[in-house]
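Q: Model the full assembly from the supplied sequences, consistent with the hints where possible.
Each protein sequence line maps, in turn, to chains D and R. For the first sequence, the working numbering gives the first residue as 1, with consecutive numbering after it. For the second sequence, the working numbering gives the first residue as 503, with consecutive numbering after it.
It is worth saying that the hints were derived from the structure and are not from the lab. Backbone N, C-alpha and C fix where the C-beta goes; we use that ideal spot for every residue, glycine too. Do not take every clue at face value.
[Unchecked claim] Below, computed lysine-lysine pairings styled on DSS-like, alpha-carbon distance capped at 27 angstroms: (1) D:448 to R:527; (2) R:605 to D:448; (3) R:608 to D:448; (4) R:950 to R:930.
[Stated by the list, open to error] Calculated Cβ distances over 10 angstroms to all of chain D for the following chain R residues: (5) 522; (6) 533; (7) 642; (8) 646; (9) 660.
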Amino acid sequence: MNPVDISIESLNLITLAPMVIPIIGALFILIIDMFKGGLDKSLYVMLSLLFLFMDFGALLNAAGLFSQSGTMMGVFDVMLIDGLAIISQFIIVGASIFFIPLVLTNKRFHESSYPEYFALFLFMIGGFQFMVATDNLILIFVGLETASLALYTLIAMHNRNRSFEAAVKYFTMGALAAGFFSFGSMIFYALTGSIEINQIAKVLEADNYSNIGFVLVAVVFMLASFGFKLSLIPFHTWAPDVYEGSSAPMAGYLSIVPKIAAFVVSMRLFEFLIHSNIVWVEIVLYITVVITMTMANIWALVQTDVKRMLAYSSISHAGFVMAAILISTTQANSALFLYWILFSFTNLGAFAMLWISRQKYLPAGQSSDQNYEKFSGLVKTSPVAASIMALFMLSLAGLPPFALFWGKMYMISSAITGGYTILALIMALNSAIAGYYYLKLIVYMFMKEPSVAHEQSVNISSNITLSLKTIIGVATIGTIFAFLAVNPILEFVTAFVYKSGY
Amino acid sequence: MVDHILSILIFFPAVAAVLGFAVHKDSIRAYGIFIAIIEFALSLWLWFCFDSTVSGMQFMEHLPLVSSFGINYILGVDGISLFIVILASFFTMIGIASLGEMKDIKNMIITLLFLQMTMVGVFVALDAIVFYIFWELSLVPMLYIIGAWGGPLRIYASVKFFLYTFAGSLVMLVGILFMAYFYYQATGVWSFAILDWYRLILPETFQLWLFVAFFIGFAIKVPMFPFHTWLPYAHGQAPTIGSVILAAILLKMGTYAFIRFSLPLFPDASVFFMFPIAILAIIMIIYTAMVAYGQKDIKQVVAYSSVSHMGVIILGTFALNVEGITGSVFLMIAHGVVSGALFFLVGVIYDRRKTKLMSEFGGLASVMPIYATVFGLMLMASVGMPLTINFVGEFLSLLGFYKQSHILTILAGTAIIVGAIYMLTAYKKMFFGEVTKKENKNLPDLNKRELVALLPLVVITLWLGIYPKPVLEPINNSVEPLVQLMHDKAISEEAKKRIPNLSKGVEIIKTPTQEVN
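A: In structure tokens, the structure reads:
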């Protein structure tokens, strides 16, 4: 037997750098806690930020390498650093940088006083980064599970009854999704003898899809698995409860980061299936997209709680963006990333606004944490907060020239250029339906009189800290002046997506 | 500075509005009036610098916005848009000047200044996406004005207004993106510039579909029958200033967009849909006139009459010849002045009596003579009396359409007589006879603030009614190349026949060469 001879250069360890940094950070935080407990949370926040910034720097480096030499493989060709991996990691790390200072609020919240919270958080980021930077189904699975398990715990640490419920629900659904994923991978492996997506595609193509029945079964399993992660209907049932149970920033985070990771994987997986002209895949995806967009919008219309409304609206946005995977052109895939970058600004801003308007105890006569009545007449008591919240709502509704309009416009345009005229119309009309429930909050804030019982409950000034102000300010400026940023983002994203061959 | 006058006109009120947050609420009225006067002076300066003999776009500005997707910040003004811009700044000025005592006046003035930005922006934007941005953005201040200062049903009215227009314009957005895609297919470059699109000749079937997509967006805004149901609510619930701006400027966005987009981009489709739209317009004229006759509320009478006259504008636009389009552009200005003034007048009496029901009044002519005179004059203008501003526009619009169809024009003409009936009846109910209610006996006549708003409108109504040339000529100069462009672009025989060819000389030279071939 020959000795295995591997040179370090051939491993190309630089491809691992962005994922390893947060994991080292997490271990570091655990070690600090071991030596000296009871340190203030601000230390951990800043440490996490530091590691995230380093992670971001490593990504910039990877982006530079990619634009010079194209797609990089590493570690026995398991790691795959292409444009998709880099852009999605930028989104993941960027959104995390925005998220983590949100825990620095005046009122001490239970979860953030544990150092484990930050360790788990960094582990989760590492997991997601692994998930997007490979086309090996096993590594995807490992990344997905690392991230999800950390996420379940993070939700449960919010430590209200509803958060336990949310965490358990999310865990159960996540376990089911993991099961589906392994079934799907198993069938693909059985068909092709490979667990690398590009190999699977090659073998299936060479075989001319003779086992179409099995391929379809695998596709259904995979779609169900990612359906859970992306909260596509009918796999969405966990989403509103989980959003309601977790803290507002965590809910906002949930609507962005896990989904972009799942989008990237489904983009890798479905791209070749769509282009293989198997009409069934297209039909199934088409139906999923339309139903997710429309039904989530209709459910959002009847919600009485703002957080649940935002949960359903996030589902609808996910359906909207899923259309990119159906259309599967370079323009559509670029639109997906453009949309998600702009969406993360606006949605994190909206959830941060909910976070500062939260109250520690539910006042009498208020059934849920963030119902609409709480916001009535907010413009009288705190006009700036009301205006900023209204701005985020208008942006989510897709009103120009605010951030999300550009994403919507580019996405609809990609549907048109991809030949999906009807889909483009459905997307446009869904935006109109969505307009109603976003408007409802604006109506409450600007056109109703403040109710006396709730006047005391929304006490924004006591919740707001400098870091929160900074983050909301950045989100606001990003939302208003998005039109200046669209061109550079679009050029960057299109170049990277095109260079990765999607 | 004059090179960037359009950008200044757009963003000066917006910047002033942002700074206005810092102004104390007792001084905000003076601040608002001051800003609006400067803005109006700037728009007059624009008119002064405008070369009315030139037919094309003037004061063009060009900045890349999203260059990889062909979106540019392009502005320009021609005879068609010039006067609507002036009208917008004029109405904002007298609107702010005439604001009575109300709650949250600071928010109102800041909102009006933002609204002004969007109004000017819509009329000078020459890039479809920039146009769309301002078009949609104009909904937000109006939503707030109706929803925060309106009547008892204000929330329903404002949300209905918003959603109706929002839904329509999203369909239009799909149309815009399609148009850009066709341009991309034809040239290999993305562009949303309207002047680029003008050069594109589309196959007729595409024209029909795109025409419908744009039509839905525009027709809801105008509002055309059967999409008009949001308007009576919006007018009924809006405060006076909201109704004035809505009727005078915001509705004109729809009719203006027909002339800027639908006609030159889709000439064949415009001819194809000419008669269906004309019939809709005539239904709109007659039906809303009849509805107006049945109203008890004077504001609803004015609102429905406003819709009715928008029908004449549409009819003139779809005459597709120089007389009709020039007339409809002129009528947009006229309608703005007259219906704006009528809503002001209704607001005057509402401020005094807190009711708009005509049965509550009667014999006001003896109590408030100046008010009755101004009201009477505006009413005559609204009906289309010769020597008032509306007459010029209505006459030209109908003359234009008469060339296309005699019967429909006669129908539309009779409908204007119906207009005279309901308007005169309403006037009779309110102003003539004995003073029956004792609350009406001591009503004060127009005060100084109201006169400041109304007198300029009276002057314009008479001045442009007697001597419309200074306005009509620049409009005409810009409409002529538009009609010629449509004729040149038209593919079908029918369209070539319906849209007149203005440069006959060119045709004569062309024909022999074709025969040689």
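Q: State the violated hints by number, sorted upward, taking the hints as numbered earlier in the document.
A: Hint check: 7, 8 and 9 fail, others pass.
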